[in-house]
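Asker: Spelled out from the first residue to the last, the chains are:
Number of protein chains: 2
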Amino acid sequence: MTEGAPSAAVVSVGNELLFGETVDTNAAWLGRELTTLGIPVVRRYTVGDVAEDIAWAVREATEMTDLVMVTGGLGPTPDDLTKPTVAVEFDLALTRDDLMLETLKARYGSGGHDEVPLAARVQAEIPEGSTVLENPEGTAPGILLRTRNATVVLLPGVPREMRAIVKGALRPHLEAMRPVHAERVWHHVTHTTGIVESRLTEQVEARMAELPGEIRTPVGVAYLPDVYGVDLRFSASGVSRDEARARIAPLLDAIDEVVAPYRFECASGDLAEAVSTELRNRGMKMATAESCTGGLIAKRITDRPGSSEVFAGGVVAYSNRVKVEQLGVRVEDIERFGAVSEAVAHQLAGGVAALLHADVGIGVTGVAGPSGGSVEKPVGTIWIGTSVRGEVETFLGHYSGDRETVRARAGQAALASVYRRLLNASKG
Amino acid sequence: MTEGAPSAAVVSVGNELLFGETVDTNAAWLGRELTTLGIPVVRRYTVGDVAEDIAWAVREATEMTDLVMVTGGLGPTPDDLTKPTVAVEFDLALTRDDLMLETLKARYGSGGHDEVPLAARVQAEIPEGSTVLENPEGTAPGILLRTRNATVVLLPGVPREMRAIVKGALRPHLEAMRPVHAERVWHHVTHTTGIVESRLTEQVEARMAELPGEIRTPVGVAYLPDVYGVDLRFSASGVSRDEARARIAPLLDAIDEVVAPYRFECASGDLAEAVSTELRNRGMKMATAESCTGGLIAKRITDRPGSSEVFAGGVVAYSNRVKVEQLGVRVEDIERFGAVSEAVAHQLAGGVAALLHADVGIGVTGVAGPSGGSVEKPVGTIWIGTSVRGEVETFLGHYSGDRETVRARAGQAALASVYRRLLNASKG
Chain A
1 MTEGAPSAAV VSVGNELLFG ETVDTNAAWL GRELTTLGIP VVRRYTVGDV
51 AEDIAWAVRE ATEMTDLVMV TGGLGPTPDD LTKPTVAVEF DLALTRDDLM
101 LETLKARYGS GGHDEVPLAA RVQAEIPEGS TVLENPEGTA PGILLRTRNA
151 TVVLLPGVPR EMRAIVKGAL RPHLEAMRPV HAERVWHHVT HTTGIVESRL
201 TEQVEARMAE LPGEIRTPVG VAYLPDVYGV DLRFSASGVS RDEARARIAP
251 LLDAIDEVVA PYRFECASGD LAEAVSTELR NRGMKMATAE SCTGGLIAKR
301 ITDRPGSSEV FAGGVVAYSN RVKVEQLGVR VEDIERFGAV SEAVAHQLAG
351 GVAALLHADV GIGVTGVAGP SGGSVEKPVG TIWIGTSVRG EVETFLGHYS
401 GDRETVRARA GQAALASVYR RLLNASKG
Chain B
1001 MTEGAPSAAV VSVGNELLFG ETVDTNAAWL GRELTTLGIP VVRRYTVGDV
1051 AEDIAWAVRE ATEMTDLVMV TGGLGPTPDD LTKPTVAVEF DLALTRDDLM
1101 LETLKARYGS GGHDEVPLAA RVQAEIPEGS TVLENPEGTA PGILLRTRNA
1151 TVVLLPGVPR EMRAIVKGAL RPHLEAMRPV HAERVWHHVT HTTGIVESRL
1201 TEQVEARMAE LPGEIRTPVG VAYLPDVYGV DLRFSASGVS RDEARARIAP
1251 LLDAIDEVVA PYRFECASGD LAEAVSTELR NRGMKMATAE SCTGGLIAKR
1301 ITDRPGSSEV FAGGVVAYSN RVKVEQLGVR VEDIERFGAV SEAVAHQLAG
1351 GVAALLHADV GIGVTGVAGP SGGSVEKPVG TIWIGTSVRG EVETFLGHYS
1401 GDRETVRARA GQAALASVYR RLLNASKG
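Order-wise, the sequence lines are chains A and B.
Residues 1 to 428 in the working numbering are what the first sequence spells out, letter by letter.
Residues 1001 to 1428 in the working numbering are what the second sequence spells out, letter by letter.
Heads up, some of the hints might be wrong.
Restraint-style ranges between C-beta atoms, simulated for each label pair [claimed, not checked]:
(1) R280(A) x A1222(B): 44 to 52 Å
(2) V189(A) x P1370(B): 22 to 30 Å
(3) R321(A) x H1187(B): 24 to 32 Å
Partial list, computed: chain A residues near chain B (C-beta under 7 Å) [as the list claims (entries may be wrong)]:
(4) H173
(5) A176
(6) S308
(7) R403
In case anyone wonders, no lab produced these hints; they're calculated from the structure.
We put the CB at the ideal spot given by N, CA and C, even for glycine.
Please take these sequences and the hints and turn them into a complete structure.
Answerer: Written out as structure tokens, the structure is:
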């Protein structure tokens, strides 16, 4: 965060959040929204429907940041304590807003009720001197008030209502706060797969240590791992995205050699998208023959709209009978080498491409666990075959983790193999 | 919260949380887990990868609660600051744990690497006097330490790893903290599918309104919807699970008639498990022919260990050519009725059961979107066929939502249909 730029805090109110009955997607949404506006969220507080706790969090947040977004506890029921608590905390009387009362009357009237319920009339009371933010989606309006240190915004907890207020009535207030010519932080993300976080970190950090300070210093690097791979997030500040990009570019160039063997490119960060794009660019279709991954690769490819252009179909060859009868795997090879073997992966990949008239075939056979492992072929042993225009390659992977993780990693490795082969074929 | 009972705080660490790139599901999961153990979470803090902010939150939390769970910032990279920051905050030296170094060496060794990367060696350093909590899913172990006021637990941010540690090595420590003879809240969950939340709520609440207070009052009812259905969660307090069960049972009996048509039973709440159990009990195997769901049903069934006993295999019949050549769908029916039609769903279900020698077949064909819809067959139009021992039934579903949601709902509806048919066949 640049010195002098405004910062924000989010206070989420509700027992259901603490008990874990509700996942706080509001806080994440506000984080993205405010970051984009150049008002980064630097802290979040989550408290229950308890007046002292709400008061503490809001007080703390106004002392630490310029903008405090409070979500939840704004409805008409007795456990909605946000408004009265904030009023007491900042010594503001609650007064009835006649215009809002009329709006509420109209809204309840339109719902077929004759008069505004008592509980809802409470919603027409607002702290003196505050601004009402219209809620086009519900009855609880947002409220904006200014304390000595900060701007405090009270918002309902229902995501749809909260978002409508932020994008609507609150928007001009946020625009007015954002620094016009100030720098903000921009990100560039590079996706990688096929290398573990610790090793990637070591290699990237070693390369960066050799670089002059003027390349290294302006850029922050974060390593974001998940089961599929590691995202590298580069952050730099700038008045514009282009300015930040210009600061990040020399570092990207300098570490390119280290990252390139594992990098893939696509907007979503999903390797299935990157593979689909490469297939589409070449006018090619893919088919899958999956044993232990059981349809997982087909699902990932067809998760994407328009997948019929690049996906011919697949066979979930869970039993040996299906492998032999449908895909032409040789019985004698299964008997000799086992279903989890290089020969079977080879024939699955080639067989499914031929059967479904596809340019590219994937064959996966392995031990996903938790049972079925042996000394020679422990859980996590997976043979993968890829066929590109009739030429089959195979490799053996050992994937750690539970069944779900082993399957996810094996599917990712198969897609990564197809991706590299398609890219290399273009180069050659 | 009972007076004197222990309370907990959760501190979530990571810029990606503040920026909203990641939704904090860990905090919700911990909230549920700790509530179940009788150690309610009373506050949550979310801070970025900034040492002072981490220190502030942990210090604050230890002053307010008995148990502080810190997630994230525990990996091997330079932006992982949790461990050194907490060590400094509580004035504890970091010392190398030789046993853990050996474990890490073994883990990296088994991955085919010769030595432990420098970055990962950092993970073998722990604050003096703290307890290492084994991480069966990754390299960053959990760490438990006791401060003057509270117990502090450091956990990795990767959900799978965090959960494994809490359910494994941390469990006895949490059990030791919980109040032995106090009443706590117990839950009973009934899974339903095939009815929308508002309708289920209306029917259950109407039935409950007729019940005497002594049946209704001791039990809290929550409706927890997701894309697959609605879970009904019944809560009652009791010293033991049996005592709470005895309070919940009369209410369950009273609403049984309303819920039974939609209920399914299994430990995980995943209908694929319930279907697998029914197939296994009958010695039957299933096969799937999926067009628009693209392998999603096969994946869900094979997500479960031991699925080879109940799953013969599947065909992802994405193109008409695969439908005709592999599954025997009649070309003239596709031409006359279209690929999304009752006739095609019927032939897919029957065809795949015959092809793969299965007792049960599922056929799904529809428009998942976002494109491909028409006035007659808008996005969300899905024909589903189920074949049980050669007898095929079909039904038409209209599912709302984006592509992912439509596919998920269609897959669930197909499984629900098989589940009901298996149960009804046993009764008849």
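Asker: Run every hint past the structure and note whether it holds.
Answerer: Status of each hint after checking the structure:
1. Here the CB-CB span from R280(A) to A1222(B) is close to 45 Å, well matched to the stated 44 to 52 Å.
2. Take V189(A) and P1370(B): their Cβ atoms lie about 25 Å apart, and the range 22 to 30 Å holds.
3. Checking the proposed 24 to 32 Å range against R321(A) and H1187(B) shows it is violated: the Cβ atoms sit about 44 Å from each other.
4. The beta carbon of H173(A) comes no nearer than 20 Å to any beta carbon in chain B, farther than 7 Å, and the hint placing it at the interface is violated.
5. With a cut of 7 Å, the hint placing A176(A) at the interface with chain B is violated, because the nearest CB-to-CB distance is about 22 Å.
6. Interface hint at S308(A): satisfied, since its Cβ lies 6 Å from the closest Cβ of chain B, which is below the 7 Å cut-off.
7. A hinted interface residue such as R403(A) counts as satisfied when its beta carbon comes closer than 7 Å to some beta carbon of chain B; here the least separation is about 6 Å, so the hint holds.
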